[in-house]
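Q: Dock chains B, C and D against chain A, hints included.
Residue numbers (this note's numbering), protein chains in the order written: chain A, 597 to 876; chain B, 597 to 876; chain C, 597 to 876; chain D, 597 to 876.
Be aware that one or more of the hints could be misleading.
Same chains, same names: a pair is fine if it fits in one copy or spans any two.
Claimed, not checked - Below, a list of computed lysine to aspartate or glutamate pairs in the EDC-like style, where the Cα atoms sit at most 20 Å apart: (1) K731 with D707; (2) K731 with D704; (3) K699 with E709; (4) K648 with E615; (5) K648 with E624; (6) K781 with D705; (7) K731 with E709; (8) K712 with D662; (9) K603 with E628; (10) K731 with D705; (11) K674 with D733; (12) K683 with D733; (13) K782 with D704; (14) K782 with D823; (15) K838 with D821; (16) K683 with D704; (17) K782 with D705; (18) K603 with D835; (19) K700 with D780; (20) K781 with D821; (21) K781 with D704; (22) K782 with D821; (23) K838 with E624; (24) K674 with D704; (25) K838 with D823; (26) K674 with D705.
None of these hints come from the bench; they were simulated from the model.
Protein chains: 4
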Amino acid sequence: MAYGLLKGKRGIIFGALNEQSIAWKIAERAVEEGGRITLSNTAMAIRMGTTKQLAERIGTIVIPADATSVTDLENVFKTSMEFFGGKVDFILHSIGMSPNVRKKRSYDDLDYEYLKNTLDISAISFHKVLQVARKLDAISDWGSVVAMSYIAAQRTLYGYNDMADAKAMLESIARSFGYIYGRDKKIRVNTVSQSPTRTTAGSGVKGMENLIDFTGRMSPLGNADADDCANYVVTLFSDLTKKVTMQNLFHDGGFSSMGMSLRAMTAYDRSLEGFERTDD
Amino acid sequence: MAYGLLKGKRGIIFGALNEQSIAWKIAERAVEEGGRITLSNTAMAIRMGTTKQLAERIGTIVIPADATSVTDLENVFKTSMEFFGGKVDFILHSIGMSPNVRKKRSYDDLDYEYLKNTLDISAISFHKVLQVARKLDAISDWGSVVAMSYIAAQRTLYGYNDMADAKAMLESIARSFGYIYGRDKKIRVNTVSQSPTRTTAGSGVKGMENLIDFTGRMSPLGNADADDCANYVVTLFSDLTKKVTMQNLFHDGGFSSMGMSLRAMTAYDRSLEGFERTDD
Amino acid sequence: MAYGLLKGKRGIIFGALNEQSIAWKIAERAVEEGGRITLSNTAMAIRMGTTKQLAERIGTIVIPADATSVTDLENVFKTSMEFFGGKVDFILHSIGMSPNVRKKRSYDDLDYEYLKNTLDISAISFHKVLQVARKLDAISDWGSVVAMSYIAAQRTLYGYNDMADAKAMLESIARSFGYIYGRDKKIRVNTVSQSPTRTTAGSGVKGMENLIDFTGRMSPLGNADADDCANYVVTLFSDLTKKVTMQNLFHDGGFSSMGMSLRAMTAYDRSLEGFERTDD
Amino acid sequence: MAYGLLKGKRGIIFGALNEQSIAWKIAERAVEEGGRITLSNTAMAIRMGTTKQLAERIGTIVIPADATSVTDLENVFKTSMEFFGGKVDFILHSIGMSPNVRKKRSYDDLDYEYLKNTLDISAISFHKVLQVARKLDAISDWGSVVAMSYIAAQRTLYGYNDMADAKAMLESIARSFGYIYGRDKKIRVNTVSQSPTRTTAGSGVKGMENLIDFTGRMSPLGNADADDCANYVVTLFSDLTKKVTMQNLFHDGGFSSMGMSLRAMTAYDRSLEGFERTDD
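In isolation and in its complexed conformation, chain A is listed as follows (with noise of 0.2 Å):
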């Protein structure tokens, strides 16, 4: 169902892979409540993905861009721009990827160069576009601004290695840069938390599939998925949360606010079944 929450509102959105992509529900769901948008990927995320076939359904263009590259970054803000007949109103920043997680190297064997790239990527990456947005002046006054985060960027998560670090950084480039380009544009930008999600990205992490059992037990209302996702960010582009900044914002069915549950509980209990308890 579609509200026109967007109407007459131009978006950029970074990370659309495929049809498993947060960055992808939100697109659609972003040019459903109205708006406009253009895609923006890495050159080999558009040759190894379908974003190319996204962009042609909803009648936009992909614009190739390495976001750890200031100039391509220019080049999609003014690309965009050109597309669009003026600046823009909301961007999506939905991009992350740890060398140390794909080559396997545990957290206390990090290879620096490779830690270097996971902040590149997924942190600093987020402060660029900011940075550029800025210097271009490419957001309208009360636009908004969105990063997906994880909630490994609180608590630690077996597995989820320096990207746990690279997310921590995500959230507080948000708030400081949410402070400087609220207080002089009165532009917006917050983090969104979301559930662990069945996507290309996500299926890297270790055990994933077990670790969405236990969440989704946890959760009181399951995990989050991508679509439920597209729903919130899209509120988050409107008109309706034009004083909501500098927040990491849960969207996670309850899971941050839960300790133990009574399902996932149960679930464990089986576990303990004839074997030794420990409390050590």
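A: Below, chains B, C and D alone, put in the same frame as chain A:
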């Protein structure tokens, strides 16, 4: 501007006293968005305020209730369900009052009977609303419940007194009941932590005007007002935020994430001219 | 091992029931560290527990008091000051009880008279201790007050019931009163959020043993036990932590900062073998 | 006053530049408490500061190291273990520097090479310290690692710039590595979030003196100074805090839990006299 976000939805708004009230604005916006509502307030507030005029204008009823009375609340739900011909989809709890604040009892000289009243009115009433609703099975699946809170629940503001403790408890109730209602009926429960707002209730707090000046200068987007809040709460009642639960959501122009802004510091600096600095 | 951290200091310990009690261990450690203490508990607890034996062993008195009674608390402070020949330097509040938990009323079927008792005993008693102390000017400058809390104040654990709301209020009282007592007398007020602990009180909580297994596997250092807690609280009473106030301090082996550990997930995984996974 | 809290313990202190340094005070206190330490700083800092005098006075060595260099850090640990004749028990990381702050690049005009340096020096160096220590198995079981942080990691302070993001990452590293080191070796890792302190490092931050006045008036116990901090950190290195890990511990006189104090508001009010109020 209206989007039809609450088309087909029915709700109960507790606490609309007069045009300044946040609840009043939310009631108006809910109707604009296509919702149907009933209003509830204390008999005293109905006499002293203008709730009835609002009810007439939007074509609904006012149901008098002392929100500390389970019987009264049962009547609110039964009457509302009769009026609507079915369950409700959303509820706003905007109720708070401290006799200790009113009678100028300082926090280290609380009257403990007054404290019980503060808790009863400002926090436990929220549990009663939820428990009564659940016993009567009065909320539709995937319904949404919001209570108004304030940052004093996390950080101490001089003069806010025992209302801080009540709000901390209120936010805890949202989590505790949110777990149960989410698990069993997919109903979400959240609190909105709003900027200090010039309402009849707010006006009792010591030094309110200067505090509003300070928080306004601290917040990059300025203070959120009652109209802003109404817009935001409407999104929380809509189907677009179905997986957000057990959260305390700051709606405050960024205040909660600020340590110090240039504008507030500039004002503060002025106060230090000609005065001796202190750091202890 | 003892360091003389509390040499010359006098304190009151509320809530030492028997050898399992956290308060009991803290009392013993405080004395080992050179402190002098008095003990207080309800008349009933004194009859049923072994507080008197502890008092005899460490050469002090037990002052019966219902911590919900201002008169009783006044007596505790007056008697203690007489016993010591002066003001007290530290106070431990380790008091909590929920009739709703005891009578197995679920959180969506609370008895509201019971709830009042839960709050009175588990939260408001802390305010009364502080207010009485302040009115009698019973705490030395730079004194230290600690109350025992639990993570349920921030995150919902099924079965913890209305104690979660009481603990949230308790932590708020620590902040609210900590502001006033700090500003006026340099006295600090903190809460310690302890791992689930096998005490007589804790044993009432549903599924306690399996929960302790889970939190133990989640916490990288394992659960903190009552002895660990006593060591920690002694540092908070000492002169080495004079500028720590209004904090909730997690003493839990890391549990509060964990999203998922390998050890807990391994146990959890086992439970899924032969069962269908769910993510909703 | 000394208690022998660190008797028999050995530690490494990174970042003692001169008498103003927090690390300097911690080094002195650690020795007073019976600990043995080695000192490490950059070659440049050793030349410009007075680390050597400190080393002479307390009878230890200074090991020059660029904390961004794994090789240098390996040398610090190897040399320290040789000096001590065994593993270390505690480590202080008090290292931070932002070329963007130094060169007065504002946060919306960051130089990205400088940002990398900020992160390398102020955050990643902490990971390197931990990873090197772990690979060399240089820390005894139940050892304690502390890094100095600042509230800017959670809340934006104008002028603190990219150091905010670095501190957010630093605190995340403490959690991420704290999990692993805790699970495998019972070693705890925490950050201490200290009041703004008049150090050589702190003096680079814009409007520092007035900010210190503000935080001092906001904090019920006043700002914590370097001496206070040394006392506190000593407790974290001692055996009394063995189960505290993955925490960010505010040591700030209560500032972090304050929304507004009477003293700060009184100063602020003065600034409004004769000026027009604003709330946007």
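Q: Treating 20 Å as the Cα threshold, decide for K674 and D704: within, between, both or neither.
A: between (42 Å within a copy, 19 Å between copies)
Q: Should K674 paired with D733 be assigned to within, between, both, or neither, using CA atoms and 20 Å as the limit?
A: within (10 Å within a copy, 52 Å between copies)
Q: With identical chains treated as interchangeable, where does the CA-CA distance between K731 and D707 reach 20 Å or less: within a copy, between copies, both, or neither?
A: The answer is between: 13 Å across copies meets 20 Å, while 34 Å in one copy does not.
Q: Please work out whether the CA atoms of K731 and D705 approach to 20 Å or closer within one copy, between two copies, in both situations, or in neither?
A: between (38 Å within a copy, 8 Å between copies)
Q: Evaluate K683 and D704 at a C-alpha cut-off of 20 Å and name the case that applies: within, between, both or neither.
A: between (44 Å within a copy, 19 Å between copies)
Q: Within, between, both or neither: how does the pair K782, D821 come out at a Cα-Cα threshold of 20 Å?
A: This pair counts as between: shortest inter-copy Cα distance 15 Å, intra-copy 30 Å.
Q: I want to check one pair: K781 and D704. Are their C-alpha atoms no more than 20 Å apart within a copy, between two copies, both, or neither?
A: This pair counts as between: shortest inter-copy Cα distance 13 Å, intra-copy 42 Å.
Q: With 20 Å as the alpha-carbon cut-off, assign the pair K712 and D662 to within, between, both or neither.
A: both (15 Å within a copy, 18 Å between copies)
Q: Using 20 Å as the alpha-carbon threshold, which applies to K781 and D821: within, between, both, or neither?
A: between (32 Å within a copy, 18 Å between copies)
Q: What label fits K603 with E628 when the C-alpha limit is 20 Å: within, between, both, or neither?
A: Both ways: K603 and E628 sit 9 Å apart in one copy and 18 Å across, limit 20 Å.
Q: At most 20 Å between alpha carbons: which applies to K674 and D705, within, between, both or neither?
A: between (41 Å within a copy, 19 Å between copies)
Q: Within, between, both or neither: how does the pair K838, D821 come out at a Cα-Cα threshold of 20 Å?
A: between (25 Å within a copy, 11 Å between copies)
In summary, the structure agrees with every hint in the numbered list given earlier.
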